[in-house]
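Engineer: Note that the protein sequences, when read in sequence, are chains A and B.
With our numbering, you'll find the first sequence wraps up at 1096, consecutive numbering, no jumps.
With our numbering, you'll find the second sequence wraps up at 491, consecutive numbering, no jumps.
The set of hints was computed from the structure by calculation and includes no laboratory data.
In this text the structure is predicted, and so the values were computed from the model without any measurement.
Just so you know, not all the hints are guaranteed correct.
[To be verified] Below, in silico cross-link-like pairs of lysine to any residue (SDA-like), each with a Cα-Cα straight-line distance of 20 Å or less:
id, chain 1, residue 1, chain 2, residue 2
1, A, 1019, A, 1040
2, A, 1024, A, 998
3, B, 276, A, 955
4, A, 1024, A, 1014
5, B, 286, B, 167
6, A, 1044, A, 1011
7, B, 276, A, 975
8, B, 425, A, 919
9, A, 905, B, 489
10, A, 905, B, 14
[What the hints assert, rightly or not] Restraint-style ranges between C-beta atoms, simulated for each label pair:
id, chain 1, residue 1, chain 2, residue 2, range
11, A, 907, B, 251, 51 to 59 Å
12, A, 970, B, 475, 50 to 58 Å
13, A, 1056, B, 45, 37 to 45 Å
14, A, 971, B, 281, 45 to 53 Å
15, A, 1090, B, 489, 33 to 41 Å
16, A, 1090, B, 4, 56 to 64 Å
17, A, 858, B, 332, 34 to 42 Å
18, A, 956, B, 471, 47 to 55 Å
19, B, 42, A, 970, 43 to 51 Å
20, B, 475, A, 981, 37 to 45 Å
21, A, 997, B, 486, 32 to 40 Å
22, B, 45, A, 997, 51 to 59 Å
[Unchecked claim] Listing some non-contacts, in silico: residues in chain B with all C-beta distances to chain A over 10 Å:
id, residue
23, 111
24, 127
25, 135
26, 139
27, 233
28, 450
29, 483
For every residue, glycine included, the Cβ atom is placed at its ideal position computed from N, Cα and C.
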Amino acid sequence: MADNVLTVSNLFVKYGERVAVNGLSFRITGGEIYGLLGPNGAGKSSTIKAVLGLVKFSGSIDILGMGPPSSRVMNSIGAVMEYPAVLEALTPREFLEFVGSVRGEFDQKRVDALIDAFELREYMEMPMISLSAGNKQKVAVVSALMHRPKLLLLDEPFNALDVKSVRIMKGLIQKHVDEGGAVLFSTHIMEVAEKICTRIGIINAGSIMAEGTLQEIEEKANAGNLEDAFLKTIHADEQIRSLLEGL
Amino acid sequence: MRRVASTVYRELLFQGYTASRLSGMKPSNARSAVRASKWNKIMLSTIYGAILAAMSVISYIVGRPYSSSLEAFVWSYFMVTVSSLNMSFATQQSGYIKDLLLTLSVNESDFSKIATLSFFMTMDFPIYSAVAVTAVISIVFGGFPYAFMGAVQGIALGIATSSGFVMLSSRGASRPRMRSLFRVFSIVPLLIVVMFSGYIMEISPVSMNHELSLFPITSTFFGGSLVYALVTVIYTVAFIALAALLFFRASGLIISSQEVYSSYRRKAAQGFKIRGRISALLKVDMVQSFRSRIAGIWALPFGYLVAAIASAFSNGSYISRNTFMFIVSYPLVLGIMLSFLPYALYLSEIRGAIAFRILPISPIRNLLSKEVIAIIAYYVAEVPMMVLLLAYHAQIQALMPLVLGFGPLFASTAFMAIFFEKTVREGGALSTLYTIIYGMVTLMIDAIPLGSFIIAYLLMHSYISSSIIMLAVSVAEAVIMMVPLSRK
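Kindly generate the complete structure, drawing on both the sequences and the hints.
Structural biologist: This is the structure we're talking about:
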């Protein structure tokens, strides 16, 4: 059995009175892409933020056996957030230099290859605030992948990316798990989850409603595809039918 | 129309105040951020309106009514500029507001009215406060309305300054380095005005060069004479016209501009330059602060040095007569002023707060970078002053409070790290109450080591021992502050 890369047990995240994550538990092993699927506001981003230590949480999170999120653990993590997490006053070159410097490792060949793959070369000296959301997200992706992290945390990572970049990123994610890495991936796009996730956790109102491989989820929901299985699992299929009838 | 303008104003407040929309840090409490900035405006108007009233009334009571014109000018200018300067932040990414309004069938003419109204809302309370206070004072005390004229001039120039900065910030950045310089010096008018306020009471028309009666602002001092009253009125009308012109030009830009940037370097650099962790942080702190709108904070040590030297020379033998007071008060005031520099440095990263947090940067390491920058800023203002004191034949040991006076700043910088962590957790904007509490705690953190210096000096009469004690107390404070940071 592969080693646990990420173990989340009984996770709670609250924003004031609102419970965003309600006792979530799951684990991810090396070579696995775990997809967190859920509707808007289900708690996907809050879960990833908790794993990164960006929000206050209760419960336990263990990353690579090193305990909860800390600056020490961050060197083994690469994260791409829903919105590009970059320093907008800097140019992509300055930002990547900064990330490489604070991580204490920098493989120039790999960084150059990633820059070329995402066609960022011509933007390297532009302040990032002037770049499109897609190009900023590409810079964030390069910064997350450049140090070959053991765990990739991807929160709707394809937001604003063009088709070619999405395909390249999917390939990079696959390569990452082939080399033994692990991925926690949040999305609400079923096709993406269907194609790349090894295991899926369907989350709604902060709780896991179903978990397993694609086949297991579909069988459990008695559905022919992931979209139907998802809607049945979160009990939205009947609701949609009656809503459409009323329109 | 007013309701739409009010909605646009709230969006501008949010953009200007949190400046975090595109950062990856979704503001968790947008409502409280907007509420906090609205309360800031009301409190600013109330507190500075009260200061304006007190200073103007004192001027009349001590038989120097002309002083009230400059007091009113200074505080009105300060209130209007501070409350509306934030809008130059909002122009950064506010073009979508116009796009949204146009999709709602708002025509260009209505759009222009909405823009004007929403820009005015950023400064309305300070204007009402200054006008009301000075009108009442001028009516009650009678004679030439020194306070009222000063306030009108201050308001007009305050509007002109804020509008000017909005226009500057919405201009294309074809020369980014020039923009950084503009940002550095954007705070200078405010700094001069605040420094100036300390000397107003000592100025009298008799001792002033009479040619100043024909100068803008200072002519108000001579308003008791009919000719100079007329000169003052002419200048006031000119200021109002300038303010109106700039205000209407800027209000259109405030919700429709998109900054256009060019590259920072013309030629692409070859390869990447990898640094040590601390020096990488230092570089990013410096670059971010110079390229962001908080760059003006860098003018503080220079402005303070210039003002202190000017004060020393204008008072003749001030330094030699009041050596103890001077060498204690100089680092004291400098330390307090600079204690907000690290917070400004932290705030400059708010847009990228998540980028910092997903990297292996501990709060302590992040703090170290801010400490180094704060100490550099301290010595920028201290070293020339030490040279000046030596030129005034000060004893070497008397310079020790200046040499080691960075201690309180060192301690308050550590507190700023806690303050910042709290700010980020609150979605990029703290409530007014928290801001006031943190501001007061910062002052206390500065005051404890300074108090220990004064007590030690009174007991031991030794600059060296007292300075070492002050530094030790500061370091102890900083260590205590670092404990919660090290747990993160």
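Engineer: Now tell me if each hint is right for this structure.
Structural biologist: A quick look at each hint next to the structure:
Between residue 1019(A) and residue 1040(A), the direct Cα distance comes to roughly 12 Å. Compliance with the 20 Å bound is thereby established for this hinted pair. Annotation: proposed proximity of residue 1024(A) to residue 998(A) holds, straight-line Cα distance about 12 Å (limit 20 Å). Among the hinted pairs, residue 276(B) with residue 955(A) is consistent with the structure: their alpha-carbon atoms are about 10 Å apart, no more than 20 Å. About 15 Å separates the Cα atoms of residue 1024(A) and residue 1014(A), which keeps this hinted pair within 20 Å; it holds.
Distance check on the hinted pair: residue 286(B) and residue 167(B) sit about 30 Å apart at the alpha-carbon level, beyond 20 Å; violated. Our distance criterion of 20 Å between C-alpha atoms is met by residue 1044(A) and residue 1011(A), whose separation comes to about 18 Å. Straight-line distance between C-alpha atoms of residue 276(B) and residue 975(A) comes to about 17 Å, which keeps the hinted pair within the 20 Å bound. Taking the CA atoms of residue 425(B) and residue 919(A), the gap is near 17 Å; set against the 20 Å cutoff, the hint holds.
Between residue 905(A) and residue 489(B) the CA atoms are separated by roughly 16 Å; this keeps the pair inside 20 Å, and the hint holds. Of the pairs offered as hints, the one joining residue 905(A) and residue 14(B) is violated, with about 27 Å between alpha carbons and a cut-off of 20 Å exceeded. For residue 907(A) paired with residue 251(B), a C-beta distance near 54 Å keeps the hint of 51 to 59 Å intact. Between residue 970(A) and residue 475(B) the C-beta distance comes to about 53 Å, which sits within the given range of 50 to 58 Å.
Between residue 1056(A) and residue 45(B) the C-beta distance comes to about 43 Å, which sits within the given range of 37 to 45 Å. About 32 Å separates the C-beta atoms of residue 971(A) and residue 281(B), a value inconsistent with the hinted range of 45 to 53 Å. Restraint check, residue 1090(A) to residue 489(B): a C-beta distance of roughly 55 Å breaks the suggested window 33 to 41 Å. Between residue 1090(A) and residue 4(B), the C-beta spacing of about 44 Å breaks the proposed range 56 to 64 Å.
Checking the proposed 34 to 42 Å range against residue 858(A) and residue 332(B) shows it is violated: the Cβ atoms sit about 57 Å from each other. Look at residue 956(A) against residue 471(B): about 48 Å separates their beta carbons, and that is inside 47 to 55 Å. Restraint check, residue 42(B) to residue 970(A): a C-beta distance of roughly 48 Å satisfies the suggested window 43 to 51 Å. Hint check: residue 475(B) to residue 981(A), Cβ distance near 53 Å, so the stated range 37 to 45 Å is violated.
In this structure, residue 997(A) and residue 486(B) meet the distance hint of 32 to 40 Å, their C-beta atoms being roughly 35 Å apart. Distance hint check for residue 45(B) and residue 997(A): the Cβ-Cβ separation is about 53 Å, which falls inside the suggested range of 51 to 59 Å. Chain A leaves residue 111(B) outside its interface by the beta-carbon criterion, the shortest separation being 27 Å against a cut-off of 10 Å. Against chain A, the non-interface label of residue 127(B) holds: every CB pair exceeds 10 Å, the least being about 30 Å.
Listed as a non-interface residue, residue 135(B) keeps its Cβ farther than 10 Å from every Cβ of chain A; the least gap is roughly 38 Å. Consistency note on residue 139(B): stated as away from chain A, and its beta-carbon is indeed over 10 Å from all of that chain's, at 43 Å minimum. Every beta carbon of chain A lies more than 10 Å from that of residue 233(B), the smallest distance being close to 49 Å; the non-interface claim holds. For residue 450(B), the requirement that its beta carbon stay farther than 10 Å from each beta carbon of chain A is met, with the minimum near 32 Å.
Under the 10 Å C-beta cut-off, the non-interface status given to residue 483(B) relative to chain A holds; the minimum distance is some 21 Å.
Comparing the model with each earlier hint shows violations of hints 5, 10, 14, 15, 16, 17 and 20; every other hint is respected.
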